[in-house]
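Chains as they are written, first to last, in the working numbering: chain A, 91 to 413; chain B, 91 to 413; chain C, 91 to 413; chain D, 91 to 413; chain E, 91 to 413.
The reader is advised that the hints may include incorrect statements.
If several chains are the same, the list does not tell them apart, and a pair holds so long as it fits within one copy or across any two.
Simulated crosslink set (SDA-like; lysine to any residue; CA at most 25 Å straight-line) [as the list claims (entries may be wrong)]:
no.: 1; residue 1: K409; residue 2: N268
no.: 2; residue 1: K161; residue 2: G300
no.: 3; residue 1: K409; residue 2: T267
no.: 4; residue 1: K409; residue 2: S260
no.: 5; residue 1: K408; residue 2: N268
no.: 6; residue 1: K409; residue 2: V347
no.: 7; residue 1: K408; residue 2: S260
no.: 8; residue 1: K161; residue 2: G188
no.: 9; residue 1: K355; residue 2: A271
no.: 10; residue 1: K161; residue 2: I92
no.: 11; residue 1: K408; residue 2: Q349
no.: 12; residue 1: K408; residue 2: V347
no.: 13; residue 1: K161; residue 2: H146
Because the hints were derived from the structure by calculation, they are not lab data. Remember, predicted model here, so these are calculated numbers, not experimental data.
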Amino acid sequence: MIVDCALYRDGSRVQGDHDLQAMRARVQQPGDFVWVGLYEPDDEEIAQVADVFDLHPLAVEDAVQAHQRPKLERFGDMVFLVIKTLWYVDADDAVETGEIAMFVGEDFVVSVRHGQGTELHTARDALETDHQVLGHGPGGVLYAVIDRVVDEYLDVVDELVVDVDEIESSVFSTDRTNDSARIYVLKRELAEVRRAVLPLREPVVRLASGDVPAVPESATPFFRDVSDHLARAAETVDSLDGLLSSAFDAHLAQISVQQNDDMRKISAGAALVVVPTLIAGIYGMNFRHMPELGWTYGYPFALVLMAAVAVGLWVLFKKSGWL
Amino acid sequence: MIVDCALYRDGSRVQGDHDLQAMRARVQQPGDFVWVGLYEPDDEEIAQVADVFDLHPLAVEDAVQAHQRPKLERFGDMVFLVIKTLWYVDADDAVETGEIAMFVGEDFVVSVRHGQGTELHTARDALETDHQVLGHGPGGVLYAVIDRVVDEYLDVVDELVVDVDEIESSVFSTDRTNDSARIYVLKRELAEVRRAVLPLREPVVRLASGDVPAVPESATPFFRDVSDHLARAAETVDSLDGLLSSAFDAHLAQISVQQNDDMRKISAGAALVVVPTLIAGIYGMNFRHMPELGWTYGYPFALVLMAAVAVGLWVLFKKSGWL
Amino acid sequence: MIVDCALYRDGSRVQGDHDLQAMRARVQQPGDFVWVGLYEPDDEEIAQVADVFDLHPLAVEDAVQAHQRPKLERFGDMVFLVIKTLWYVDADDAVETGEIAMFVGEDFVVSVRHGQGTELHTARDALETDHQVLGHGPGGVLYAVIDRVVDEYLDVVDELVVDVDEIESSVFSTDRTNDSARIYVLKRELAEVRRAVLPLREPVVRLASGDVPAVPESATPFFRDVSDHLARAAETVDSLDGLLSSAFDAHLAQISVQQNDDMRKISAGAALVVVPTLIAGIYGMNFRHMPELGWTYGYPFALVLMAAVAVGLWVLFKKSGWL
Amino acid sequence: MIVDCALYRDGSRVQGDHDLQAMRARVQQPGDFVWVGLYEPDDEEIAQVADVFDLHPLAVEDAVQAHQRPKLERFGDMVFLVIKTLWYVDADDAVETGEIAMFVGEDFVVSVRHGQGTELHTARDALETDHQVLGHGPGGVLYAVIDRVVDEYLDVVDELVVDVDEIESSVFSTDRTNDSARIYVLKRELAEVRRAVLPLREPVVRLASGDVPAVPESATPFFRDVSDHLARAAETVDSLDGLLSSAFDAHLAQISVQQNDDMRKISAGAALVVVPTLIAGIYGMNFRHMPELGWTYGYPFALVLMAAVAVGLWVLFKKSGWL
Amino acid sequence: MIVDCALYRDGSRVQGDHDLQAMRARVQQPGDFVWVGLYEPDDEEIAQVADVFDLHPLAVEDAVQAHQRPKLERFGDMVFLVIKTLWYVDADDAVETGEIAMFVGEDFVVSVRHGQGTELHTARDALETDHQVLGHGPGGVLYAVIDRVVDEYLDVVDELVVDVDEIESSVFSTDRTNDSARIYVLKRELAEVRRAVLPLREPVVRLASGDVPAVPESATPFFRDVSDHLARAAETVDSLDGLLSSAFDAHLAQISVQQNDDMRKISAGAALVVVPTLIAGIYGMNFRHMPELGWTYGYPFALVLMAAVAVGLWVLFKKSGWL
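Modelling step: build the complete structure from the supplied sequences, incorporating the hints.
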């Protein structure tokens with residue numbers, strides 16, 4: 091689906107039209123460029139776009155198929171970028187991933203989006219009001235999109251920080267919690283984020299270094315800023331992963347400690363029953379000469395003895411921390 | 091065994107013949123080349139091929155013996171590549187490995203295949219219909235073979251993803267599963283894949299960089315694409331390995347939690363027997379003055395008391411989660 | 091809030107005034123410079139400063155928002171540095187973090203501080219008495235601030251060394267301690283410190299190498315010294331983290347050993363009750379011909395037998411280390 | 091002990107003699123060289139050799155003392171190589187290490203061997219029949235020795251692969267095996283191999299790159315081949331080490347699972363005794379009105395009841411997998 | 091304290107005197123140099139030395155304060171080296187650390203020692219008899235000191251190897267040992283050694299590469315030798331650390347196995363008591379018709395039955411390995 095297609099000149103939107111061929115023909119002055127936005131295009135649409143802008147077949151293939159790695163490729167003067175989008179689904183505490191592929195030439199940008207995250211329509215609206223960034227031409231569009239995507243990485247990471255905090259509380263609560271499944275799932279989410287963030291670092295560093303044709307020298311500080319945000323996301327993810335590993339270890343220790351506590355509680359409880367049973371056994375012996383058996387209050391005495399021993403043991407275990 | 095031997099000119103198959111000497115003699119124009127395909131050749135066959143194409147003895151030795159590391163070697167103008175093939179055997183959830191060695195000269199390609207995986211006959215058929223790639227000459231054949239092999243890596247990796255998902259479900263199921271053996275076996279399979287994938291990355295990067303004589307500049311984007319697929323395979327394998335380690339840890343935690351649950355269940359069950367035993371012991375004492383013993387309904391009373399205590403304990407343990 | 095603003099010439103404070111525009115105008119000779127110190131400035135204040143010193147908007151944005159990564163950026167002749175401040179709060183054994191951003195131009199320094207740590211007022215006072223360092227100009231101020239911050243890193247690290255020593259004693263004490271929560275928290279603090287220290291290493295190395303415009307060649311040994319302190323902090327943090335991991339492992343082992351000891355103690359204790367119960371059961375049997383039952387001292391004999399067996403077992407278990 | 095000393099010319103052995111001085115004097119044409127083979131020489135022998143071939147004292151010291159690290163040193167035109175030898179002792183499943191030091195000059199090779207492994211006499215015999223390799227001069231000898239040593243690394247690694255397979259079977263067998271000691275010992279053997287293999291990689295890469303004076307350009311493919319074998323050995327060792335770690339984890343899990351199984355078996359067994367004891371206790375109560383006590387078949391009834399309960403429990407536990 | 095101060099010429103000691111100013115004045119010919127040895131100097135002493143040899147204040151500060159990192163700094167023509175000394179205290183199996191700082195100029199060496207280890211007096215004596223090394227001038231002194239220190243590293247490492255061997259024996263002995271504390275302490279010692287060894291590698295490599303002014307080209311093989319020893323120390327430390335981790339894991343496994351063994355022993359022991367108790371309970375039942383009760387030998391029969399059952403169980407458990 092062609093979402094939008096517009097011509098930009100001197101940092102402003104000039105005209106929008108879905109007839110790509112006509113739009114490209116209107117590119118006349120240096121600095122003019124067309125931005126075509128596609129969402130999960132079918133084969134015909136992408137073929138038409140590839141034809142109009144003369145895109146390399148290998149890049150087109152990558153743009154159509156989702157599940158690519160983030161990467162930056164140069165085909166002559168054209169730059170091809172694949173970037174993963176991430177968003178956090180509150181309902182099931184999960185991180186979902188989509189993809190944006192961008193073809194950036196001297197006078198055009200083609201963006202191809204897959205999945206629901208990081209919708210580009212508002213990004214385009216915001217950019218159209220920011221004439222300074224838009225004035226950098228196709229490189230400005232590239233920056234705006236990457237910046238938007240990376241900002242959403244940071245949002246996702248912030249959600250994960252909250253999740254790790256929750257797990258932490260759960261692990262160290264006195265409740266009998268089984269946190270290993272949750273830790274596992276969160277580790278998998280972190281791995282998901284890492285797969286989006288890490289391979290993007292090298293492309294962004296290259297963009298920030300200024301040796302990519304689409305990015306004018308004046309735009310490099312913007313990409314350095316993105317690179318910095320990306321580094322922050324990566325560091326936080328690594329740090330969370332380390333914390334989760336430690337939290338898991340602590341969880342294991344808690345299980346062991348709890349088992350030990352339980353074992354001691356059980357043993358103490360057993361003692362409260364077993365010792366009176368011994369007393370009952372003693373007074374159940376059949377010796378002919380057992381003075382207590384003849385006492386009027388022998389039976390209450392035995393019961394009191396059992397109770398006293400049980401209470402005594404209970405106090406003892408309570409004091410020593412076994413109960 | 092010589093599987094096939096053909097002369098290619100301008101991206102098309104010209105002629106096929108098993109007489110290597112004659113075939114090579116037919117190479118006349120620049121761009122002509124012969125592709126000889128061997129399958130587990132015996133000494134005589136390989137000696138003949140080595141003689142016709144003047145192959146370096148060390149490379150020939152490596153091509154004959156299986157169990158080499160993936161590598162790319164230059165011998166003057168000739169390039170020698172060893173690549174491992176992988177395939178997944180559904181029957182026993184195992185990854186099997188074979189090997190392809192390729193000698194790529196200016197006007198010839200010799201491929202030597204070992205093991206059952208990644209059969210090259212269909213690869214040759216497919217290539218013969220793709221005149222664009224075949225037009226790149228021996229480098230195009232090299233690409234076609236590597237691309238085919240790496241695509242099968244991705245297939246194998248996809249199967250392993252499924253296996254890891256199964257283990258995940260098994261670990262976190264409430265069933266009493268013993269997953270450590272399966273995790274171990276899968277880790278060994280991943281190590282197998284890693285041994286094929288990792289050493290291949292450097293050769294493919296060199297091919298993509300264009301400083302290998304057999305690969306024309308125009309063919310480098312194809313190898314960059316392969317390099318990207320390889321990186322994806324490597325990343326997925328690493329990620330799976332990390333997940334398996336986490337899954338194993340979670341499995342250990344599950345075992346501990348289960349042991350604790352079992353211990354508490356056992357203890358609660360024991361209490362249901364031991365406390366009535368104490369009561370029976372009490373009424374088995376031989377005191378002369380025990381009013382209950384003389385009651386008409388003393389015996390039923392005692393039985394009801396035991397049952398009541400047992401039921402009471404059962405409710406208590408049920409409520410506290412011990413049963 | 092503008093904390094202080096002063097003009098420096100030849101290594102001495104010349105004049106202080108909060109009117110930035112006027113102050114900058116007074117910069118006349120080469121070597122003159124203005125140092126403006128801000129504390130958590132509001133938007134208006136920072137806008138005014140940015141205007142007077144012509145600061146890059148991206149850097150200004152980073153300076154206002156806290157939670158940046160430590161970094162060194164060049165914008166033309168100006169250098170922009172972000173550095174994290176750390177301080178140790180005794181009350182809750184926690185490491186807190188703040189931030190200092192510095193803009194260093196040829197004739198000015200603007201420092202922006204966030205959070206309570208590493209207050210710069212005393213750093214300025216100290217620097218104003220050290221004409222040698224101040225004589226290096228803006229680079230000298232940069233050094234003075236970084237040096238102060240890094241010295242406080244070392245203080246924080248020293249506190250953490252003490253905490254690790256305490257944990258060590260606790261883990262290996264014979265008391266029944268639950269150290270996993272404390273180890274976890276300390277690991278999190280170390281991760282906090284690492285996030286401040288590690289990304290700063292590369293900026294300081296660049297400052298020490300002398301290829302940063304604000305730092306004259308003669309000042310590089312000072313930055314090498316800072317780099318060295320930073321390396322020391324990083325090494326100690328790594329070393330503490332490794333020790334904590336080992337301590338955690340040892341803690342797990344202690345738990346297991348203790349559980350084993352407890353189990354054996356419990357079993358030995360149980361034996362002291364269960365064996366006499368068997369004896370009581372034997373003399374509770376209803377055989378007609380049991381000579382002991384008719385003995386005058388049969389009952390005392392049975393009690394003594396029980397006591398003797400219990401004592402005997404106690405001695406046995408004591409000797410074998412089970413009690 | 092001087093094992094052998096011979097003059098080589100044009101790839102063939104010309105003459106053998108133990109008088110080193112005389113032998114060296116016979117070196118007349120370019121390409122002539124002497125190969126002296128020493129086995130654990132005493133001080134006098136090595137001093138004589140050092141004198142004849144003008145060896146650097148530091149290298150001589152290293153060659154005499156065993157327990158050096160593998161390394162390649164250049165002293166002017168001379169190359170000094172230390173390489174560790176490995177061999178597998180079947181009797182005690184252990185890897186033993188020796189050492190070979192080689193001095194390689196323009197017209198001589200001095201090899202000094204320590205320990206029993208990788209005896210060089212047969213290597214010399216084999217080399218003397220391989221005129222092509224021998225024709226490369228001292229560099230050919232160097233290759234032949236390193237190749238022989240590295241081939242034995244691969245043999246040792248193959249033995250260790252077998253050992254790991256055995257441990258694997260043992261860990262996952264249903265027998266109650268205690269594999270931790272064996273895993274530990276094997277890990278130590280692997281560390282031994284790694285200490286021989288890893289430091290050798292850099293020297294061999296340097297030899298293969300052709301910037302070592304003793305190695306002519308034409309001989310570099312041979313060293314690349316050795317480098318490849320070395321890489322294979324290193325990868326296999328790493329892979330085995332990882333497998334052993336996983337196997338150890340699995341072993342720990344097996345122990346836990348077994349403990350759990352045992353605990354449940356014990357508990358089920360206990361129930362078979364405890365519940366009948368309760369029944370016996372009930373019929374041991376002294377109530378005046380207990381109809382069963384008067385039944386003619388009361389006693390057999392009680393015994394049958396006990397047996398029935400025990401059998402019932404046994405069936406129950408069997409079904410639920412506890413027995 | 092000034093320990094010694096002497097003038098050296100042509101590899102020999104010429105004159106010793108504690109008047110530094112005078113000594114330095116006696117340096118006349120190229121190659122002459124003064125070596126001043128200080129032990130934990132007070133402020134006045136170091137100030138005097140700094141004044142005579144024109145030492146950089148930052149280096150002087152580092153030399154006075156202990157607890158620096160090993161490092162090599164260049165201040166113009168002067169080289170400043172900090173190196174940690176290690177020694178093993180047998181009494182408490184601990185590694186202690188000291189420090190040596192050296193200022194090496196064209197015509198002087200100043201060594202400043204802290205702590206008890208690696209006393210330099212004997213090093214100076216030995217050097218004064220080794221005219222060859224001393225002939226390399228200040229660089230020779232530098233070598234002699236570093237070589238001495240690194241040799242002591244190797245001694246310390248050898249002691250640690252012995253400690254690890256002891257722990258190994260203890261872990262795998264059948265005794266009930268608690269090795270986790272010892273393993274922990276040894277890991278801490280290894281970390282201590284690593285902190286001395288690792289940061290020294292880069293300085294020594296720089297010294298061996300010959301781009302340090304104080305070290306003449308001819309002296310570089312000596313530093314390569316030191317570098318090699320350092321690498322050996324580092325490798326051994328890493329290897330020991332890995333072994334200790336494995337040993338700790340094995341220790342954990344042993345604890346678990348032992349707990350399992352104990353649990354089974356306890357259960358078997360309990361069965362020997364519980365089953366006879368059931369028999370006693372049966373003959374304690376009050377049925378009117380129990381033929382055994384009337385037998386003359388009923389009581390002995392019951393006792394024998396109990397004993398027989400106990401013996402039977404004992405044999406059974408013995409056979410199945412539970413006792």
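Hints, verified against the model:
no., hint, in the structure
1, K409 to N268, "between (30 Å within a copy, 18 Å between copies)"
2, K161 to G300, "both (16 Å within a copy, 19 Å between copies)"
3, K409 to T267, "between (27 Å within a copy, 16 Å between copies)"
4, K409 to S260, "between (29 Å within a copy, 21 Å between copies)"
5, K408 to N268, "between (27 Å within a copy, 19 Å between copies)"
6, K409 to V347, "both (19 Å within a copy, 22 Å between copies)"
7, K408 to S260, "between (27 Å within a copy, 23 Å between copies)"
8, K161 to G188, "within (14 Å within a copy, 31 Å between copies)"
9, K355 to A271, "between (28 Å within a copy, 23 Å between copies)"
10, K161 to I92, "within (23 Å within a copy, 41 Å between copies)"
11, K408 to Q349, "both (18 Å within a copy, 18 Å between copies)"
12, K408 to V347, "both (18 Å within a copy, 22 Å between copies)"
13, K161 to H146, "within (15 Å within a copy, 29 Å between copies)"
The structure is consistent with each of the numbered hints, conforming to all of them.
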